[in-house]
Amino acid sequence: MLLAAARATLAAAVLLAGAPGAPGAPEVCVCATARETNAWCPVHKLGYVGGLELESSWLHEAVDAHGHDVDPSTFTCPVCRGALASDGFCAEHKIGFVHGKAYFSKLTYRLGQAEVRRPADIACPVCRKNAETHGWCDRDRAGMVGPFTIRDRAVFEQTVRALGILELADREAKRCQYCAVAMITDTQCPFCKITYRDGKKVGG
Amino acid sequence: MRSVSRVLFSVGILAIIFIAAPATRAGSHTWDVWEVFTNADGTVQFLELKETNNTPGETGLGGHLMIAQPSGHTYTIQNSVVSPTTGKSYLMATAAFAALPGAPVPDEIMPANFLALTDTSCEYNPWDTASWSAGALPSDGIQSLSRAVTNGPLAPGVNSPKNYAGATGTVDASGGGGSSALPGVPDGVTGSPLRVNKLTADGSSLSLSWDLAFCSGELDHQILYGQKSNFPAVPGGTYALLGGQCNIGTASPYTWTPTPNAADGKGLIWFLIVTENNSGREGPWGKWNAASERNGPGTNGASNVCGVTDRDVSNVCGH
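Residue numbers (this note's numbering), protein chains in the order written: chain S, 1 to 204; chain E, 1 to 319.
No lab work stands behind these hints, which were simulated from the structure alone. All clues given are correct.
Residues from chain S that face chain E, not an exhaustive set, calculated with beta carbons under 7 Å:
{"id": "1", "residue": "His68"}
{"id": "2", "residue": "Asp71"}
{"id": "3", "residue": "Thr74"}
{"id": "4", "residue": "Thr76"}
{"id": "5", "residue": "Cys77"}
{"id": "6", "residue": "Phe104"}
{"id": "7", "residue": "Val181"}
{"id": "8", "residue": "Thr187"}
{"id": "9", "residue": "Pro190"}
Residues from chain E that keep clear of chain S, each with C-beta distances beyond 10 Å, as calculated:
{"id": "10", "residue": "Trp132"}
{"id": "11", "residue": "Gly135"}
{"id": "12", "residue": "Asp312"}
In this text, all values refer to a predicted model and were calculated from it rather than measured experimentally. Just so it is clear, CB atoms sit at the ideal spot from N, CA and C, and this is done for glycine as well.
The following block holds chain S by itself, in its conformation from the complex (with noise of 0.2 Å):
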């Protein structure tokens, strides 16, 4: 019997205009809960990240609004299979968990913990107010970053913070986007040679 010679080569065939996000896909208004999830809204070109509104589709994308769903054997590093297994933050890879979803920023990863509440869901009139903006509320030993909910309170001001370095990010996007990018990464914008540290710039 003759082995026929040739094998066959090219299988694979690719079909992608029909994918999420394909060219000519109708935007929708997600407006009404964008705030709630941290989403981006295509038709309004505005977005959320813990109750700010933020111009910057860019930054919103960089900051991670709504985090990974990932392959957990795709993680190589102990810090990272570690933080996988226990919910926590790989400092070296800037990485969190939240129940095996991957959020590349220590913000959105705090928020990915927290609990969401919609204003009319809060009884306590301190933090419905706090909701509005940021806030923590002593009665309730809660903090409101939006519609987060953080009950630790060292958690929450460490939140805050992030959040104030990202609200400086999204003005700082209309003069620089990788400026804004490397201020909530701690990173040098490659254009500016600006160097971050917690939002500020350091060196020269």
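Starting from the structure of chain S, add chain E where the hints point.
The following block gives chain E in isolation, referenced to the frame of chain S:
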């Protein structure tokens, strides 16, 4: 005798849609710098990114910067892609790379000399940086630096660029444009001999091991095989062939499954492993006596299988 099923050709359609960098951002965090390559003069270069966390929505590549250091060269990624991105690669390469035989079609063309030979890192800003020691970036036109695991170290090896459609290949940018002399595969007279282990009782699966350390310059290998009636009629004559197992790569051992069956009723299959350059040229077959090369039916004794049309026996290593 074991029966062999015919292998059917399958035809696929590759439809890849790249979209311009969008105003509405999509994910872009989980891409890593996976492989970097340059030739000596920087005209042939490629950068391969890989989505490393098996995430489908990382489509927002467009607008992100690639940064080489310490040269400080930057390149802005031009395109975004459409989901699913899960585990895929994205290939940016120079026009000279795209023109080489064996090169997969780049997903976008980048300028030459983005990477300098003195560079020690390449960043996908701001999410991943691949670093290497000074002087470790190969420039022989064959070797690249690549990762094997997420966040893993870069290691040298034969280049293996892969594009978004999954097409891969190997290029020879060593200066010969694919004409570099290929070595032989050592037969034990030089280097270690080829060894064969039977993995199934009927021989339908074999494990082949050969010496990859003795010679250098291999880009790829193929198995050539024939049956008893394909032996030369006289010593020094021409070998006929039944076929070849193409592009088996540069890793040993190689598992050959399924092996072919003889059609002449003699129950004998012979085979040998030769080098090839993915540009239609193969290396030596080894000698049948102390002085004379075995020859196939093609130009300069080439096999004329696996797309090979010529053979070069000028590299004396391994045969």
